[in-house]
Amino acid sequence: MDPTQLVKGVLDLAVLAVIAREDGYGYDVVRRLRAAGLEDVGDASVYGTLRRLYSAGALTSYVVASEEGPHRKYYGINAEGRHVLATQHKTWTGFVAAMDGLLSEAGAQ
Amino acid sequence: MSESTTVMGTQATPARVRSYVAQVRAELADLPAEEVEEITLGMEADLAELAAESGADLRIRLGTPQAYAAELRAAAGLPSRASRDQAGLGRWAREHAGAVRDAAAGTGAQLLSGAPWLRELRGAWWVARGLAAGAYLALVLSWFPATAKVIIVGLAIGASVMLGLRTASGRLRWWPVALLNVTLAVVALVLGLRALTTERTAAPEVATISKVPAEGLYNGGALVGNLYAYDAQGRRIESVRLFDQRGHQVVINGTEAEESVGSYGDSTTTTTFYDENGEPRTVDSFPAAWIGPAWGPILGWTPPVSIIPATPSPTDSSPTAPSPANSTPTAPTSDDQTNGGSASSTSAPTSASNSKTSRASSGTPSRSSSSGTDTSTDAAPTSTSTK
Numbered sequence: 013m014d015p016t017q018l019v020k021g022v023l024d025l026a027v028l029a030v031i032a033r034e035d036g037y038g039y040d041v042v043r044r045l046r047a048a049g050l051e052d053v054g055d056a057s058v059y060g061t062l063r064r065l066y067s068a069g070a071l072t073s074y075v076v077a078s079e080e081g082p083h084r085k086y087y088g089i090n091a092e093g094r095h096v097l098a099t100q101h102k103t104w105t106g107f108v109a110a111m112d113g114l115l116s117e118a119g120a121q
Numbered sequence: 002m003s004e005s006t007t008v009m010g011t012q013a014t015p016a017r018v019r020s021y022v023a024q025v026r027a028e029l030a031d032l033p034a035e036e037v038e039e040i041t042l043g044m045e046a047d048l049a050e051l052a053a054e055s056g057a058d059l060r061i062r063l064g065t066p067q068a069y070a071a072e073l074r075a076a077a078g079l080p081s082r083a084s085r086d087q088a089g090l091g092r093w094a095r096e097h098a099g100a101v102r103d104a105a106a107g108t109g110a111q112l113l114s115g116a117p118w119l120r121e122l123r124g125a126w127w128v129a130r131g132l133a134a135g136a137y138l139a140l141v142l143s144w145f146p147a148t149a150k151v152i153i154v155g156l157a158i159g160a161s162v163m164l165g166l167r168t169a170s171g172r173l174r175w176w177p178v179a180l181l182n183v184t185l186a187v188v189a190l191v192l193g194l195r196a197l198t199t200e201r202t203a204a205p206e207v208a209t210i211s212k213v214p215a216e217g218l219y220n221g222g223a224l225v226g227n228l229y230a231y232d233a234q235g236r237r238i239e240s241v242r243l244f245d246q247r248g249h250q251v252v253i254n255g256t257e258a259e260e261s262v263g264s265y266g267d268s269t270t271t272t273t274f275y276d277e278n279g280e281p282r283t284v285d286s287f288p289a290a291w292i293g294p295a296w297g298p299i300l301g302w303t304p305p306v307s308i309i310p311a312t313p314s315p316t317d318s319s320p321t322a323p324s325p326a327n328s329t330p331t332a333p334t335s336d337d338q339t340n341g342g343s344a345s346s347t348s349a350p351t352s353a354s355n356s357k358t359s360r361a362s363s364g365t366p367s368r369s370s371s372s373g374t375d376t377s378t379d380a381a382p383t384s385t386s387t388k
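Residue numbers (this note's numbering), protein chains in the order written: chain Z, 13 to 121; chain H, 2 to 388.
Bear in mind the hints are in silico, worked out from the structure with no lab data behind them. For each residue, glycine too, the CB sits at the ideal point set by N, CA and C. A few of these clues could be false.
Incomplete in silico selection of chain Z near chain H, CB under 8 Å [said to hold, decoys possible]: (1) SER57; (2) GLY60; (3) ARG64; (4) SER78; (5) GLY81; (6) HIS83; (7) ARG84.
Turn these sequences into a full structure, and let the hints steer you where they fit.
Have a look at this one:
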């Protein structure tokens with residue numbers, strides 16, 4: 013089983029979960045996802061996901077100006093984002109439950 | 002980039018990060034400008050942080066900018082470039098260049114593994130490439146002195162070897178060098194083809210040159226400078242006038258004879274006849290008198306006073322008999338500009354030194370007796386009349 017493929021399916025949920033806890037910029041989100049155990053997350057995938065969630069209205073964004081370097085773009089969650097997060101969380105819980113059931117049955121045999 | 006700038010959000014950007022982001026932007030160039038701006042805003046800061054953290058090459062950590070951009074598009078739900086790119090040519094070229102490079106690298110690796118000694122030939126190839134480039138430069142700069150050309154070729158060889166060393170060490174990108182190589186190959190091909198075609202066209206030129214002096218009188222391919230006539234008994238005729246089958250009197254124009262001969266570069270056959278004033282004159286009565294020794298050796302042959310009589314021909318006992326058709330070349334006095342076609346009247350006795358009996362002996366020229374000038378019958382005019 014390819015972890016990269018698994019991550020892709022749940023990346024929206026994972027990113028929303030990270031942002032819901034605290035605003036963050038792209039690489040910060042990547043780092044926090046990896047720290048949480050999702051080692052196989054791709055940098056560009058995270059950036060793209062952030063952008064897509066923003067376009068879908070699930071995230072807010074703001075730029076933090078820098079005096080000596082390039083500007084940094086932060087993302088934060090909004091009401092729509094929390095709704096998406098809750099919905100997807102339910103979907104995920106149901107999915108995991110189904111998988112757990114399958115696997116425990118398989119393990120019992 | 003100073004180490005103390007790892008404060009959140011404020012970081013100077015190394016050039017390699019800027020370059021990477023620029024390439025990602027280029028990959029997104031088909032998208033609306035504000036979309037590209039939005040999606041790449043903050044990217045430099047993030048990647049600079051990443052680079053400072055990991056220390057590794059961005060390409061190792063993130064993949065190529067192309068792959069990065071593709072992943073970005075996919076995750077952001079943006080159309081892939083292949084489907085968006087209207088022109089598509091740049092992408093196509095890039096992809097195919099990559100394929101060509103990969104194929105070349107694969108073939109090269111295969112060749113090298115099969116014949117490791119090929120690697121040793123790289124130096125020779127570099128020298129050959131420099132030689133080709135230098136030779137081409139020297140050709141273009143044709144007005145340069147030879148020493149300068151030698152220096153140019155030497156410099157080109159040096160530059161080629163340096164280029165080869167740099168490419169081999171991976172300090173140069175492959176495609177400019179490949180472009181140079183292909184250009185040189187094409188130039189060499191074009192020059193080679195041109196050399197071939199000019200060689201081919203040069204041959205007919207020589208042929209036409211050899212046809213230029215065709216105005217003179219020829220015998221066996223050689224220009225006739227003078228004529229010596231003998232009768233059937235082998236006695237030399239002191240003065241004779243000759244006519245061809247069209248009734249045109251055979252003349253040798255001094256000037257033309259000289260020019261024609263001169264174009265051959267054959268100095269021994271220079272046959273210029275001059276009058277008393279030193280002007281070139283047209284000879285219409287043979288043998289022409291020379292200024293100088295009257296019967297000097299010409300081309301190693303001194304015309305004897307008499308030769309062996311011709312074997313009498315049974316069918317033609319009377320060579321002087323006028324043939325029925327001899328009325329055509331009627332007037333020997335008609336200033337017929339014939340062989341030479343140039344100026345000066347022919348009938349007038351322009352050469353006072355000519356013998357007096359000339360007119361009388363050639364009063365009725367037989368058409369048959371002046372058969373073709375190039376039938377090299379060195380025997381006496383046995384009147385090769387048609388039977």
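Task: Hints not upheld, ascending by number - done: none
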